[in-house]
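Enquirer: Using the sequences and the accompanying hints, generate a full structural model.
Below, each chain spelled out in residue letters.
Protein chains: 2
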Amino acid sequence: MTQPIVDTLCVIGPGLIGSSVLRRARLDSAIARETIAVDRDEQVCARVCELDLADIITTDALRGAAEADVVMLCVPVGAIATVAAEILPVMKPGAILTDVGSTRRSVVDAIAPHLRPDVAYVPAHPMAGTEHSGPDAGFATLFENRWCLLTPLENTSSKAIATIEALWHAMGARTRVMDIDHHDRICAIVSHVPHLLAFSICHTADTLADELRSEVLDFAASGFRDFTRIAASDPIMWRDIFLNNREAILEMLERFAQDAQKMATAIREGDEATIVSSVERGRAIRRSLIENRQA
Amino acid sequence: MTQPIVDTLCVIGPGLIGSSVLRRARLDSAIARETIAVDRDEQVCARVCELDLADIITTDALRGAAEADVVMLCVPVGAIATVAAEILPVMKPGAILTDVGSTRRSVVDAIAPHLRPDVAYVPAHPMAGTEHSGPDAGFATLFENRWCLLTPLENTSSKAIATIEALWHAMGARTRVMDIDHHDRICAIVSHVPHLLAFSICHTADTLADELRSEVLDFAASGFRDFTRIAASDPIMWRDIFLNNREAILEMLERFAQDAQKMATAIREGDEATIVSSVERGRAIRRSLIENRQA
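Protein sequence lines correspond, in order, to chains S and A.
For the first sequence, position 68 matches number 494 in our numbering, and the numbering has no gaps at all.
For the second sequence, position 36 matches number 462 in our numbering, and the numbering has no gaps at all.
Everything hinted at is true.
Since the list gives no way to pick one copy over another, a pair counts as held whenever it fits inside one copy or between any two copies.
Pairs of lysine to aspartate or glutamate, DMTMM-like flavour, derived with a Cα cap of 25 Å:
(1) 688 to 557
(2) 585 to 493
(3) 688 to 660
(4) 688 to 636
(5) 585 to 495
(6) 518 to 544
(7) 688 to 673
(8) 688 to 677
(9) 518 to 460
(10) 585 to 544
(11) 688 to 652
(12) 585 to 570
By construction, these hints were calculated from the structure, which means they are not laboratory data.
Small disclaimer: the values here were computed from a predicted structure and weren't measured.
Expert: What follows is the structure, encoded as structure tokens:
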């Protein structure tokens, strides 16, 4: 029998992402010999136990971290650095710390002072998810054909990077290694700003006069309906993403606001050429996505 | 055999919507005894002929309109008033003029001076569509379970309204009669502003530096991908919608911009409560839609 990718894998925070990792590991013995699930909430641990998602299930993060060869932090972005600072001192020499956060710069900067030379840190961001959360929301194929973006530090060992890449390949994902700030700007435009716009337009609809508001719900055409789908996500997760990637988000939102303002001016002034060219750009982007098989 | 709803139905502009109406009429003889398709483009007429979508197919709008009991204008919003002014003089006394435009106030105002007392005008807006266009894009079930909003004038005969309602019910749609300006504000928030935002964010992505732009296409997560779907629509149709509903669109866009600005300020200032409450409003709206079976 060949060696598994990880001997002991500890997932801290078995929510949508973490429980999907554990489910996949349950199906494929090449991923880890032993799995540990940690959650500070006893009820979550009880549910993870009922679902039989891991070999060891505990509320004690230090115990889980001390035994693991890879510790994967699947907690909200705002909690990653706190949990990392807590567990790093007890991790085994040669072990790897990784995470699954959607923003990188603020997390990496917060973790940096706590890092040890004998524990590699490999930040990873699997671009997958649904609007649901908690251990019941996960499923083993969540990462199938999705991207996982790795943003290792300059001095991270290539062996540790290769292990985390192999882990995500075994989950069915494709991986790409990239610069931290580049990552944050890409995610701001492809995910964070679209979500911000979706939350905002739901807010706008919600503040309309009562009669109009109820009819908005009756007649939600495809446009608004699609927006609400991406606005249905977890509030704490999004609070943390917005606060931890604020610079890139505010930069991209500012660019967007200028583009939307140009459209508004074109509409006000009846500038047909600008309107048509803007719509045509949207179609071109859509076509590129279809050619890239991302749509 | 019972009487069909319409004796002779003339569809001017057999594109996505018009050809779907004709396809449905082909399947259900209770809709019309005879169908006429009019398009000024000979190639479109040839294609409609190949697809066998109507009994009579002609480039001559006057001929089609003169023979019809109901004339349905399925041309872009910006062309409705021009075509109406051209055909109204030749329509039969007692005939009904209807249309399928997505905006109402500007169209109704433009048609008003040309109306005849012996021809009823019943503006109708079927809330259905895809990002595709032309006679090949239509299908007979396009209107199934979708809303069709009727915005008749004060003096429109209830008999004419009932005929157009019956026609849409036969297409599988639900109908609602409402005030013209109310219609335009609802459609601004549920459809026109969401589309404007989608076009704008595609534009923003398209103007990023080359490397970033190509990675946006690689990593389009669910947020951006959903936006591009609604941004893939016909440029002429959207130009006309934006220009013909500019007042309501600019009003709703202004409200939206204020809400988005509030979110940006909350992110900049680290105001967690405002961010969480905004995300929670989005979820609540989504839940309402699911309860209304619109999602």
